[in-house]
Amino acid sequence: MPDVVLYFSSNADTMIATKTLKDGGVSAKMIPKPASVTSTANLALSVDAAAEANAIRVLGAANVALGGVAR
Amino acid sequence: MKLGLRTKMIGTLLAAILISTAISALAARQTMATDLNKLASQQVTSGSTGFAGYWDQKKDSVSLLVSQSAINDAIKRAAKSRDTKVLETTLTGIARQGGLSFLTVVDPGGRVIARANAGAVGNKLSSPYIARALSGESVNSAAVLPHDELEPEQLLPQIEAAASGHEGVSQGLALIAATPISDENQRTIGAVYGGLLMNHYYDVVDQAAHALGGKAAVIFGDQLISSSISRPDGTRLVDENAPENLRHVKEPYSGIDREGSVKYLARVEPLLNDQNQPIAARWFGVPLATFTDIQQHTVSSLVLWGLVGIVIGLIIAIPVVDRISRQLIARSRQVRDSAKELSLVIVGSEVSGDHVAQTREAVEKQGDLLMQAATEADGPSSGGVATAKGVSEKILAASALNAEILGDVVVIDALATEMAERTQQAVARVGELNEVAAGLNKLVTGSK
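Protein chains in written order, with our numbering: chain A, 1 to 71; chain B, 1 to 448.
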């Protein structure tokens, strides 16, 4: 399955999200923010589309604010 | 139940004041109960002694009047000449002026010559006091007057119950005196016998009560024959049965007694005749409410002042607690922000490390692919056939990895920039935490 991009409001939030997903057992890769995504952060996370729901759940449980998802 | 620091501090203060007030009130009540009981007991004992003083004073005045009558020349002459009419007139005058209930002159044989109340004469009086007076002794005592002594003296109405429905006593209690009358040769020519009947006689109890600040009564037989105690309707409490334990007391008694629906701290002392035999009792009491009211008033005052203390304490404490709470909240916020910042640095370091490790793997993988492509382009050493397609695929894969590595490098660059900023902020936060520590230390100890 293709990857989806999770983006956040800041690079700090992206770092926290990376750590949170790692601790939650969700594989994510930090990537430069795609040009199609509008965000103040210049980093984003790429996760497998199959793991999207799980990733959003883990981030929600850890109170990490998700800026949006780009497919 | 989770309570905030402000609630805990104010609650502790309130609890401390409440506990302090409660302990003070209890201690005061306890101490006052002990001291007041002692004081009350002393007051009642003093009152009882005072009442005894008024009683003895009245007894002495009876003795004095009878003694003066015995040395009165007119009485002496009339007694010698047995002039009943003159004697009656003189005795009546003395008895009225002196407030005596009866005053009688007898001849050496004990026969009545004259009475102050103009009663029957000629009959012989059987009173032992007259016999003793005729033998030359002056007698002064509290005495029981039997019915046959009261009747000729016309004193029966005085011992009868004043209120209907109450059965009075059948005998009288009197302060009596008997003194011999001597002629110029000191021979006994008769005796004067006088006294004050105490049944329904209120001067002594009223004087004692007014002067001593309590209530006084005389218990004779089973009844209160005289008292300054009031019934609930305001009438005088007499002709009522005394409590059983207070009738015929032989030893002084102190304790709580209910009379006329009022509880008294009372002292009852036996009334002795001149032979030291108890014939009646003197009762003196102070309403118990006099003392319990003081206790209640003091405890109420303490509680009231305790409440005032709580209000003042709150007025003082609330701004102080608010100020401390605000300082602590501000410090807490600083610590929380700093911790967040510092934890971000730690998270960032971990994430950066992971990312560098991923990048390294990608670089190594790309190196391997390029190495394989280069080796295969040189020709297979083991006799295999190298194809241009295989080399081309590896180069494409290496190229894809290169694009990924480029992205990783961009990410590393962004992370490095972010981390540099965060590290600077972390340094500032560490300084802030030191300041917080100093502030908290000052808050707790009062010095930096």
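Hints may be right or wrong, so weigh each one.
If you want a taste of the chain A side facing chain B, the calculated C-beta under 8 Å gives, among others [claimed, not checked]:
id: 1; residue: N11
id: 2; residue: K19
id: 3; residue: M30
id: 4; residue: P34
Source of the hints: derived by calculation from the structure; they are not laboratory data. As the structure is a computational prediction, the values presented were derived from the model and not from experiment. Glycine residues also receive a C-beta, built at the ideal position from the N, C-alpha and C atoms.
A quick look at each hint next to the structure:
With a cut of 8 Å, the hint placing N11 (chain A) at the interface with chain B holds, because the nearest CB-to-CB distance is about 4 Å. About 5 Å separates the beta-carbon of K19 (chain A) from the nearest beta-carbon of chain B, less than 8 Å, and the hint is met. Hint on M30 (chain A) holds. Least Cβ distance to chain B is approximately 5 Å, under the 8 Å limit. Checking P34 (chain A) against chain B by beta carbon gives a least distance of about 10 Å; that is not within 8 Å, so the hint is violated.
This entry does not satisfy hint 4, going by the numbered hints stated previously; all others are met.
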